[in-house]
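Number of protein chains: 6
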Amino acid sequence: MREDDPAEGLTHTTETGDVQMVDVGDKPDSKRRAVAVGELHLESATITAIRADEVAKGDVLSTARVGAIQAVKHTWETIPMCHQIPITNIDTTFELCEDCIELTVAVETTGKTGCEMEAIEGVTTGLNVVWDMVKALEKDDDGQYPATRVTNVRIERKEKQRM
Amino acid sequence: MREDDPAEGLTHTTETGDVQMVDVGDKPDSKRRAVAVGELHLESATITAIRADEVAKGDVLSTARVGAIQAVKHTWETIPMCHQIPITNIDTTFELCEDCIELTVAVETTGKTGCEMEAIEGVTTGLNVVWDMVKALEKDDDGQYPATRVTNVRIERKEKQRM
Amino acid sequence: MREDDPAEGLTHTTETGDVQMVDVGDKPDSKRRAVAVGELHLESATITAIRADEVAKGDVLSTARVGAIQAVKHTWETIPMCHQIPITNIDTTFELCEDCIELTVAVETTGKTGCEMEAIEGVTTGLNVVWDMVKALEKDDDGQYPATRVTNVRIERKEKQRM
Amino acid sequence: MREDDPAEGLTHTTETGDVQMVDVGDKPDSKRRAVAVGELHLESATITAIRADEVAKGDVLSTARVGAIQAVKHTWETIPMCHQIPITNIDTTFELCEDCIELTVAVETTGKTGCEMEAIEGVTTGLNVVWDMVKALEKDDDGQYPATRVTNVRIERKEKQRM
Amino acid sequence: MREDDPAEGLTHTTETGDVQMVDVGDKPDSKRRAVAVGELHLESATITAIRADEVAKGDVLSTARVGAIQAVKHTWETIPMCHQIPITNIDTTFELCEDCIELTVAVETTGKTGCEMEAIEGVTTGLNVVWDMVKALEKDDDGQYPATRVTNVRIERKEKQRM
Amino acid sequence: MREDDPAEGLTHTTETGDVQMVDVGDKPDSKRRAVAVGELHLESATITAIRADEVAKGDVLSTARVGAIQAVKHTWETIPMCHQIPITNIDTTFELCEDCIELTVAVETTGKTGCEMEAIEGVTTGLNVVWDMVKALEKDDDGQYPATRVTNVRIERKEKQRM
Numbered sequence: 028m029r030e031d032d033p034a035e036g037l038t039h040t041t042e043t044g045d046v047q048m049v050d051v052g053d054k055p056d057s058k059r060r061a062v063a064v065g066e067l068h069l070e071s072a073t074i075t076a077i078r079a080d081e082v083a084k085g086d087v088l089s090t091a092r093v094g095a096i097q098a099v100k101h102t103w104e105t106i107p108m109c110h111q112i113p114i115t116n117i118d119t120t121f122e123l124c125e126d127c128i129e130l131t132v133a134v135e136t137t138g139k140t141g142c143e144m145e146a147i148e149g150v151t152t153g154l155n156v157v158w159d160m161v162k163a164l165e166k167d168d169d170g171q172y173p174a175t176r177v178t179n180v181r182i183e184r185k186e187k188q189r190m
Numbered sequence: 028m029r030e031d032d033p034a035e036g037l038t039h040t041t042e043t044g045d046v047q048m049v050d051v052g053d054k055p056d057s058k059r060r061a062v063a064v065g066e067l068h069l070e071s072a073t074i075t076a077i078r079a080d081e082v083a084k085g086d087v088l089s090t091a092r093v094g095a096i097q098a099v100k101h102t103w104e105t106i107p108m109c110h111q112i113p114i115t116n117i118d119t120t121f122e123l124c125e126d127c128i129e130l131t132v133a134v135e136t137t138g139k140t141g142c143e144m145e146a147i148e149g150v151t152t153g154l155n156v157v158w159d160m161v162k163a164l165e166k167d168d169d170g171q172y173p174a175t176r177v178t179n180v181r182i183e184r185k186e187k188q189r190m
Numbered sequence: 028m029r030e031d032d033p034a035e036g037l038t039h040t041t042e043t044g045d046v047q048m049v050d051v052g053d054k055p056d057s058k059r060r061a062v063a064v065g066e067l068h069l070e071s072a073t074i075t076a077i078r079a080d081e082v083a084k085g086d087v088l089s090t091a092r093v094g095a096i097q098a099v100k101h102t103w104e105t106i107p108m109c110h111q112i113p114i115t116n117i118d119t120t121f122e123l124c125e126d127c128i129e130l131t132v133a134v135e136t137t138g139k140t141g142c143e144m145e146a147i148e149g150v151t152t153g154l155n156v157v158w159d160m161v162k163a164l165e166k167d168d169d170g171q172y173p174a175t176r177v178t179n180v181r182i183e184r185k186e187k188q189r190m
Numbered sequence: 028m029r030e031d032d033p034a035e036g037l038t039h040t041t042e043t044g045d046v047q048m049v050d051v052g053d054k055p056d057s058k059r060r061a062v063a064v065g066e067l068h069l070e071s072a073t074i075t076a077i078r079a080d081e082v083a084k085g086d087v088l089s090t091a092r093v094g095a096i097q098a099v100k101h102t103w104e105t106i107p108m109c110h111q112i113p114i115t116n117i118d119t120t121f122e123l124c125e126d127c128i129e130l131t132v133a134v135e136t137t138g139k140t141g142c143e144m145e146a147i148e149g150v151t152t153g154l155n156v157v158w159d160m161v162k163a164l165e166k167d168d169d170g171q172y173p174a175t176r177v178t179n180v181r182i183e184r185k186e187k188q189r190m
Numbered sequence: 028m029r030e031d032d033p034a035e036g037l038t039h040t041t042e043t044g045d046v047q048m049v050d051v052g053d054k055p056d057s058k059r060r061a062v063a064v065g066e067l068h069l070e071s072a073t074i075t076a077i078r079a080d081e082v083a084k085g086d087v088l089s090t091a092r093v094g095a096i097q098a099v100k101h102t103w104e105t106i107p108m109c110h111q112i113p114i115t116n117i118d119t120t121f122e123l124c125e126d127c128i129e130l131t132v133a134v135e136t137t138g139k140t141g142c143e144m145e146a147i148e149g150v151t152t153g154l155n156v157v158w159d160m161v162k163a164l165e166k167d168d169d170g171q172y173p174a175t176r177v178t179n180v181r182i183e184r185k186e187k188q189r190m
Numbered sequence: 028m029r030e031d032d033p034a035e036g037l038t039h040t041t042e043t044g045d046v047q048m049v050d051v052g053d054k055p056d057s058k059r060r061a062v063a064v065g066e067l068h069l070e071s072a073t074i075t076a077i078r079a080d081e082v083a084k085g086d087v088l089s090t091a092r093v094g095a096i097q098a099v100k101h102t103w104e105t106i107p108m109c110h111q112i113p114i115t116n117i118d119t120t121f122e123l124c125e126d127c128i129e130l131t132v133a134v135e136t137t138g139k140t141g142c143e144m145e146a147i148e149g150v151t152t153g154l155n156v157v158w159d160m161v162k163a164l165e166k167d168d169d170g171q172y173p174a175t176r177v178t179n180v181r182i183e184r185k186e187k188q189r190m
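Residue numbers (our numbering), protein chains in the order written: chain A, 28 to 190; chain B, 28 to 190; chain C, 28 to 190; chain D, 28 to 190; chain E, 28 to 190; chain F, 28 to 190.
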């Protein structure tokens, strides 16, 4: 399961410390899956509004899903040292609690390197899109965002299966 | 200071709930500044490694700075309802604590709409780039990331100044 | 109202016929608006499905709206000789008839050149996104698309107002 | 030949109607080819000008070819739910009739999902590029486009061959 | 005419040496023009082929022009510390000598920062596109490129005019 | 070792001279490697400054490395007729001489077509990024660049290995 030698330390730098991509030319193709999760804290009135909208049309979450999926596919250009890998599947799931939205993004690929950065990019971007959609509801009288924050973005599970 | 009418509710949807960009055609040009902050929690051994690298070459943080700056400039395509605005300045500052890195991104623009989404995108992407650079150090024996997480991403301050 | 001299012929080529951008450096800033319209013909069963979905969740049209809006903003890279202009507003409207969807995209800009290509790109891309979303419903037993077609994409109105 | 179960209905939504990519992880690699066709109606004087130019330099159609080819390669970002697939070949053919240009785009890939959206994107973008190149010839005295329209964009043939 | 204080040294780094964009928020808008030139050395047989093609159809140079123009417009994402500026004009000129092609790219903008990097990006990319188009002619029996090289890429002239 | 038939002439055009991508659908997968090299001539004072910075922080070269790596990955969109290929490795090496910087970029892929254009794009873009970072040091009192030039960009070695 272990992909990189712990002794390697910083795998994206050479011996002399220069930033580099990891050479994946000799790695076998594996089926890989990574699941990332994160939360966006919002005013509870905003959650109520999204919930109502979701029932009626779902536009806020639909737009966020599209943003998350596009972010997953663009990870190779957003994260400088990432390789471009063939994404075979992306699942996005939103859970609404009283004052937060939890977004889970599961990414699958068949390739030579993992897809956890893709899943993380999907989560942070998807949550940022929700934030963008509800800006007017979150701002206080001074135009500030006292409650809004993206938090607890983590990898829930990373799996690899030799083919 | 207030840019949107709180009564507007979800400014990115029409009356019938369809997702739309905000019309900024009649807004005056203003000097605007937004400062976002966030943290990446890491194993303290990773922080030590980055610190040592930083002194010696700074590559991890340099790469993350470039990633953050590019993310700020690309916000109009990452966040579907954002307008493309002329970014005049971007400042990125890293603070290292014992088991976390704090990234502050300040964005300035002269235009018709705010730049807080740009600042947030800079923070989440910059922290994700750091994560990508230290993956080998953060993974446990099972290839999982027990400690790593992006957290507490917030807008510290948003300002607008009529010209 | 006339922006280009009809005698100019092909404005994107030089005297010797080489492809070039139009020089807009000396054009004054104007408020401009262009409205493009187009239709996607579909099986009536597909329209029924979209209509039902639209009531329930609206995801097909929401995704198409996001696709159309992103296409408008990306016109400067999709159409090689287009300039990058500051888009101030984008409106997308879908009308469903018995066997077709009509998409209207209105684009507004304040700048030195018109935005009709942006509106057209919004229409063709938005309709293509709908097509992509309903592929399984449109294909016949041989995997072909006997009914599906994008048609009648035109500029409904183009306006310019000196500032 | 049938790739999707007709019973699936809208393949890009989950049971609860949320927009999603199709999971192609277990699909075998196939050689696939899709041919799309479409027309751009123009003033016959414009066709004459393009024809003359084509003989002399071909710049209008060359630029449109480049635009079509780039659009094919960018379909995975233009159409939100498309996967990125390895395009192995793109053929573009223009036919000029008295008052229209017909563009045929054939796309080939070896992969897990079809390339018809790539072919359609090539056709609509290629025709939009021609429109952009001949704007000055098509506009009337009021700056409007009475004759110009993109029409009859369809999939001529879609093929799949197990490897 | 001098835009940066020579004493500033490396304008893209802070006092502590961190990479940063230059703050252009307080710079006045100026009309700016930059002209870059460069050469691609080729086998003389290749030049003969291009010359013949150019008379007949011009496709190699047309494609290179499109590539150069797109590269100019994309400089803000290709060169990490560049700002996105409104390009108002791009001129591309090819000169063919016996064993080389010279490409001149002139870029104009009205804005707060110069456009010399845009002109240089146009030249190097345009010449690289020509190289790509004539690969089969330039390769020797061992698949190597003994003669091909991009050389002498320089800024011919940079101008600024207060408005 | 020879990939294209020399008799083919311009492989990116059809018999009638229209620009086209090369059909790689029937080419076998090979391990491929291309090494490109190029130089940026600078004032020797600039080299001294970079050298000092490199020891201390390395930011100029780090940023250029990131720019070069991103350019390699983006070649399929920068060079219109290039295919998108799976890059497995990128190595960037800078050598500083008295008045120039030499950049070597080695690119590896496993696929159906070579990666020399990717290596060349990496070299020209990486050198252009260095230029951008040291603009203030290179400009003379008139704001011109008397010494700066990108030169001698060539393919050092191209290799292919059947799998």
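Hints are computed from structural coordinates only; laboratory data are not their basis. Treat the numbers as computed from the prediction; the structure is a model and nothing was measured. Treat the hints with care, since some could be wrong.
Identical copies go unnamed one by one, so any copy, or any two together, can satisfy a pair.
Unchecked claim - List time: in silico EDC-like cross-link candidates among lysine to aspartate or glutamate, alpha-carbon distance up to 20 angstroms:
1) K187 x D169
2) K139 x D53
3) K58 x E186
4) K58 x E183
5) K187 x D118
6) K187 x E129
7) K54 x D168
8) K139 x D169
9) K139 x E104
10) K54 x D118
11) K58 x D169
12) K58 x D118
13) K54 x D126
Evaluation of the provided hints:
| no. | hint | verdict |
| --- | --- | --- |
| 1 | K187 x D169 | between (49 angstroms within a copy, 11 angstroms between copies) |
| 2 | K139 x D53 | both (8 angstroms within a copy, 17 angstroms between copies) |
| 3 | K58 x E186 | within (8 angstroms within a copy, 27 angstroms between copies) |
| 4 | K58 x E183 | within (17 angstroms within a copy, 35 angstroms between copies) |
| 5 | K187 x D118 | within (17 angstroms within a copy, 27 angstroms between copies) |
| 6 | K187 x E129 | neither (25 angstroms within a copy, 31 angstroms between copies) |
| 7 | K54 x D168 | between (55 angstroms within a copy, 19 angstroms between copies) |
| 8 | K139 x D169 | between (49 angstroms within a copy, 18 angstroms between copies) |
| 9 | K139 x E104 | within (17 angstroms within a copy, 22 angstroms between copies) |
| 10 | K54 x D118 | between (26 angstroms within a copy, 17 angstroms between copies) |
| 11 | K58 x D169 | between (50 angstroms within a copy, 16 angstroms between copies) |
| 12 | K58 x D118 | within (16 angstroms within a copy, 27 angstroms between copies) |
| 13 | K54 x D126 | neither (44 angstroms within a copy, 32 angstroms between copies) |
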